[in-house]
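Using the sequences and the accompanying hints, generate a full structural model.
Take a look at the letters that make up each chain.
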Amino acid sequence: LAKTTQPISMDSYEGQEVNITCSHNNIATNDYITWYQQFPSQGPRFIIQGYKTKVTNEVASLFIPADRKSSTLSLPRVSLSDTAVYYCLVGGGGGADGLTFGKGTHLIIQP
Amino acid sequence: EPEVTQTPSHQVTQMGQEVILRCVPISNHLYFYWYRQILGQKVEFLVSFYNNEISEKSEIFDDQFSVERPDGSNFTLKIRSTKLEDSAMYFCASSDPPASHEQYFGPGTRLTVT
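For the protein sequence lines, the chains are A and B, in the order given.
Take 1 as the starting number for the first sequence in my numbering and just add one per residue.
Take 112 as the starting number for the second sequence in my numbering and just add one per residue.
Rather than coming from a laboratory, the hints here were simulated on the basis of the structure.
Fair warning: there could be bad hints in the mix.
Said to hold, decoys possible - To give an idea of the interface, some chain A residues facing chain B are shown, with a C-beta separation under 8 Å as derived from the structure: (1) Y32; (2) T34; (3) Q42; (4) G43; (5) P44; (6) R45; (7) Q49; (8) D97; (9) G98; (10) T100; (11) F101; (12) G102; (13) K103.
Said to hold, decoys possible - Computed list of chain A residues with no C-beta within reach of chain B, every gap over 12 Å: (14) Y36; (15) S61; (16) G92; (17) I109; (18) Q110.
Think of the CB as a built atom: it goes at the ideal place given N, C-alpha and C, for glycine as much as any other residue.
In structure tokens form, the structure reads like this:
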């Protein structure tokens, strides 16, 4: 499994755009990149998944360069409720595999 | 929006006792999972289940653990003889590949072994 590296924590302010970068130098050809969000005492929640270039949905964008060795989760105009742990996962995109979570990035949004 | 539900929300048990954690996955999903998260640590995969059998399991999922889908709606995790180190949050998840890549997680059961 490709190992991922992401910052342990980040701070930002309400209304700002937040970008969280994840490194995955050993990503395999058939690996997808998936981001999950977790609030305290809750289960993780899927945010976005991509394979290459850019993916956008109603809550976030995911930027993946051509070499796919890193990815950046972009959260537009964050609010206090975006304070959470964000996990970058790399693996098969079929959705049937057990997920391997790292320690994630603890994002703290201040007023 | 459909969601995964889990019961109980909190279970306290004594060391050596058996516990059963229950989950109701999203109704049209075919893949089911259990994860655990020890307080302050990362989420760890335990087991995946498809077509009434285990698809994949981690090293954590030893003979102490078992899973079952006793009827068309419930999915259970049994821990036969609990240990202090089994204290954790246990999350159930379900998915419906290839229609969707995401795994939907339940709210979790906090297991406290005393």
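Going through the hints against the structure:
For Y32/A, the shortest C-beta to C-beta distance to chain B is roughly 7 Å, which falls under 8 Å, so the interface hint holds. This hint holds: T34/A has a C-beta 7 Å from the nearest C-beta of chain B, less than the 8 Å allowed. Interface hint at Q42/A: satisfied, since its Cβ lies 6 Å from the closest Cβ of chain B, which is below the 8 Å cut-off. Below 8 Å, beta-carbon pairs count as interface contacts, and G43/A has one with chain B at about 3 Å; its hint therefore holds.
The closest approach between the C-beta of P44/A and any C-beta of chain B is roughly 5 Å, which is under the 8 Å cut-off, so the hint is satisfied. The beta carbon of R45/A comes within 7 Å of a beta carbon in chain B, closer than 8 Å, and the hint placing it at the interface holds. Taking 8 Å as the C-beta contact cut-off toward chain B, the hint placing Q49/A at the interface holds, the least distance being around 5 Å. The beta carbon of D97/A is positioned within 8 Å of a beta carbon in chain B (closest approach about 7 Å), and the interface hint is therefore held.
Interface hint status for G98/A: upheld, as the beta-carbon distance to the closest one in chain B is roughly 4 Å, under 8 Å. A least Cβ separation of about 6 Å between T100/A and chain B falls short of the 8 Å threshold, and the interface hint therefore holds. At its closest, the beta carbon of F101/A sits 4 Å from a beta carbon of chain B; the interface hint therefore holds under the 8 Å criterion. Evaluation of the G102/A hint against chain B yields a held restraint, the C-beta minimum of about 6 Å falling below 8 Å.
Annotation: K103/A was flagged as interfacial toward chain B, and the flag holds, the nearest CB pair being 5 Å apart, inside 8 Å. Residue-level check failed: Y36/A sits 8 Å from the nearest beta carbon of chain B, not beyond 12 Å. A cut-off of 12 Å between C-beta atoms confirms that S61/A is not in contact with chain B; the least separation is 17 Å. Distance check for G92/A against chain B: the nearest CB is about 9 Å away, which does not clear 12 Å, and the non-interface claim fails.
With a least CB separation of 21 Å from chain B, I109/A remains clear of the 12 Å interface cut-off, as annotated. With a minimum CB-CB distance of about 22 Å to chain B, Q110/A clears the 12 Å threshold, and the non-interface call stands.
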